[in-house]
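Undergrad: In my numbering, the protein residues as written are 1 to 121.
Rather than coming from a laboratory, the hints here were simulated on the basis of the structure. Glycine included, C-beta positions come from ideal geometry on N, C-alpha and C. Among the hints, erroneous ones may be present.
Said to hold, decoys possible - Derived CB-CB ranges, DEER-like:
(1) ARG79 x SER59: 22 to 32 Å
(2) ARG88 x GLU26: 34 to 44 Å
(3) ILE12 x THR58: 21 to 31 Å
(4) PHE85 x ARG45: 35 to 45 Å
(5) LYS118 x THR96: 53 to 63 Å
To be verified - Pairs of lysine-lysine, DSS-like flavour, derived with a Cα cap of 27 Å:
(6) LYS20 x LYS34
(7) LYS5 x LYS46
(8) LYS34 x LYS46
(9) LYS30 x LYS46
(10) LYS46 x LYS73
(11) LYS5 x LYS20
(12) LYS30 x LYS20
(13) LYS5 x LYS34
(14) LYS5 x LYS30
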Amino acid sequence: VLLQKLNINPYIRVGLLTDKELADIESVLKDPNKIGIPYFYFNRRKDMDTGSNIHLLTSDLDFIVSNDIDREKSIMSWRGYRHMFGLRVRGQCTRTTGRRASAVGVRKIAQAAPKTKKSGE
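Kindly produce the complete structure, drawing on both the sequences and the hints.
TA: Here it is, written out as structure tokens:
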């Protein structure tokens, strides 16, 4: 969608793009609303703090998602409760699957090294 709005050939290699095209792509990634990209492409619609539709990149996205999870935990919502106990959050079945770390494993005893004969014997 972004390349179509900017009239850039989607099959061209990145190394062949001009500096102006790279600058345009970078500016649109920071603010996709500027060229009229539909809001359903954004990864943060109706932000809790501002109420606006924004698109987050890199560390900003990680930071906001972790803040959302911490907020869910602090208000003790059902999703926060599931996050606290490491369970599935989005309604998946957990009866038989998702047992990756909950079972106590069997510990193997390390085998003793074989005794070597002394040269005097």
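Undergrad: Has the given pair, LYS5 with LYS30, been kept, meaning a C-alpha gap of at most 27 Å?
TA: 15 Å, holds
Undergrad: Does the structure keep LYS5 and LYS34 at a Cα separation of 27 Å or less?
TA: At roughly 11 Å apart (the allowed maximum being 27 Å), LYS34 and LYS5 satisfy the hint.
Undergrad: Does the hinted range 21 to 31 Å hold for ILE12 and THR58 at CB?
TA: 24 Å, holds
Undergrad: Has the hinted range 22 to 32 Å been met by the Cβ atoms of ARG79 and SER59?
TA: For SER59 against ARG79, whose Cβ atoms are near 23 Å apart, the range 22 to 32 Å holds.
Undergrad: Given the proposed pairing of LYS5 with LYS20, does the C-alpha separation stay at or below 27 Å?
TA: Answer holds: LYS5 to LYS20 is near 15 Å, not above 27 Å.
Undergrad: Confirm or reject the claim that ARG88 and GLU26 have a C-beta distance inside 34 to 44 Å.
TA: 37 Å, holds
Undergrad: Under the criterion that the straight-line Cα-Cα distance not exceed 27 Å, is the pair LYS5, LYS46 satisfied?
TA: 24 Å, holds
Undergrad: So if I understand the rule, the pair passes when the alpha-carbon distance is 27 Å or less; does LYS20 with LYS34 pass?
TA: OK: LYS20 and LYS34 at ~17 Å, within 27 Å.
Undergrad: Hint says 35 to 45 Å; check whether the CB-CB distance for PHE85 and ARG45 agrees.
TA: Between PHE85 and ARG45, where Cβ atoms are some 28 Å apart, the hint is violated.
Undergrad: Quick check on a hinted range of 53 to 63 Å for LYS118 and THR96, using CB atoms only.
TA: Holds, since LYS118 and THR96 (Cβ atoms, about 56 Å apart) stay within the stated range.
Undergrad: Take the C-alpha atoms of LYS46 and LYS73, compute the straight-line distance between them, and say whether it is at most 27 Å.
TA: Status holds; Cα separation ~20 Å.
Undergrad: For a C-alpha distance cap of 27 Å, please report whether LYS30 and LYS46 respect it.
TA: 17 Å, holds
Hint 4 from the list above is the single one not met by this structure.
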